[in-house]
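Number of protein chains: 2
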Amino acid sequence: MSLALDATAQDLLFREAQTANTFTDEPVTDEQIQAVYDLVKYAPTAFNGSPLRITLVRSEEARRRLVTHAMGANGPKTLTAPLTVILSADLDFHEQLPRLFPAMPTVKDAFFSELAAREASGTQNATLQAGYFIVGIRAAGLAAGPMTGYDFTGIDKEFFGDGKQKSFLVINIGKPGAEAFHPRSPRLEFTEAATTV
Amino acid sequence: MSLALDATAQDLLFREAQTANTFTDEPVTDEQIQAVYDLVKYAPTAFNGSPLRITLVRSEEARRRLVTHAMGANGPKTLTAPLTVILSADLDFHEQLPRLFPAMPTVKDAFFSELAAREASGTQNATLQAGYFIVGIRAAGLAAGPMTGYDFTGIDKEFFGDGKQKSFLVINIGKPGAEAFHPRSPRLEFTEAATTV
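From first to last, the protein sequence lines stand for chains W and H.
The opening position of the first sequence corresponds to residue 1 in the working numbering, with each subsequent residue numbered one higher.
The opening position of the second sequence corresponds to residue 1001 in the working numbering, with each subsequent residue numbered one higher.
What the hints contain is simulated information worked out from the structure, not anything from laboratory work.
The model shown is predicted, which means the values in this text are computed figures rather than measured ones.
Hints are not guaranteed to be accurate.
[Claimed, not checked] One side only, chain H facing chain W, incomplete, derived with CB under 8 angstroms:
(1) 1005
(2) 1011
(3) 1015
(4) 1024
(5) 1041
(6) 1044
(7) 1046
(8) 1056
(9) 1104
(10) 1141
(11) 1157
(12) 1168
(13) 1175
(14) 1177
(15) 1181
(16) 1185
[As the list claims (entries may be wrong)] Covered stretches of chain H, going by a simulated chain W footprint (3 or more residues, C-beta under 8 angstroms):
(17) 1031-1040
(18) 1048-1054
(19) 1057-1068
(20) 1107-1121
[Stated by the list, open to error] These stretches of chain W come out as covered by chain H in the derived footprint (C-beta under 8 angstroms, 3 or more residues):
(21) 40-46
(22) 90-101
Glycine residues also receive a C-beta, built at the ideal position from the N, C-alpha and C atoms.
Please build the complete structure, drawing on both the sequences and the hints.
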């Protein structure tokens, strides 16, 4: 079964791409991250709500504050990456809906007047966007090191004091360094992951 | 800023791809979905846990049961798609961890003995995988119509009676039909979605 996507792109994004655990010193620029964003921003979210927010942790001081919330080896790994980003869901994403989803101006008030609804939808859709973003990092020729081993409640207090952002993923980004990759672990077979009804 | 990914692939996956609202009659085969899966299965999840499960809704009877849980226009849309899939998180994904993450055989018991931990991590990582899967559908030259407007608690009872699956997204898949696409809505600018600290 052949795909429409060419083999080189398949390898770049999926087949040969792997989570990087070490990085070279080569800087990752704002322009590179903007190019990633400007590619993946088109991928779908509910009502085009686009709740993902990206915090680029650039200053030494911010990086040191971030790693106080890391678990295990994630702290040292983060300190050696040329760029680390915090991904969060904007719990006030609904404020942008009249502009982002002009086809249905009622959506903002009909579905998202309650914070709990914004938190559920915002987190779900920002997480979908995180999937697109990881693919986009690879599309830029960079390696990603996504980490869920952080105290995200701590990160929210540290960086988003107003309670309007709910962080859920930290990603190291850069060119892979020495011994960056662990051996590829097995994946589930299609017949284990898929069922027909 | 140029990306490593070639422009044709950028267009196929992101820049020209759009959510489809109508489809042709052309069937979507199991082989096509397997090709999508076998591409995107390599993208990262926490501890390689790979909690996403895909239910292909093929029989007329299953399709009719599914749409009883649809909101608004999603029911009629689903009935005209050549294939609809339910994406869910397997809450027992941890049972596979000793095989999927052999580097750390203790992970299963250390982190996932509690159902609440499996539900949080399983849902988050299955949602990341849903993002990869939507990209993969486009990589196969197909259009996706992802829908969150379903009663997922109802779907879980209807299709996953044992309580071991938590559904969160339904996706129509096929070749786009007549007037399949709405006009592209605006996206947030990079400076609106990204901040530097």
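Status of the hints after comparison with the structure:
no.	hint	in the structure
1	1005	holds (4 angstroms)
2	1011	violated (10 angstroms)
3	1015	holds (6 angstroms)
4	1024	violated (16 angstroms)
5	1041	holds (4 angstroms)
6	1044	holds (5 angstroms)
7	1046	holds (5 angstroms)
8	1056	holds (4 angstroms)
9	1104	violated (10 angstroms)
10	1141	holds (3 angstroms)
11	1157	violated (14 angstroms)
12	1168	holds (7 angstroms)
13	1175	violated (11 angstroms)
14	1177	violated (18 angstroms)
15	1181	violated (12 angstroms)
16	1185	holds (5 angstroms)
17	1031-1040	holds (count 10)
18	1048-1054	holds (count 5)
19	1057-1068	holds (count 4)
20	1107-1121	violated (count 1)
21	40-46	holds (count 6)
22	90-101	holds (count 4)
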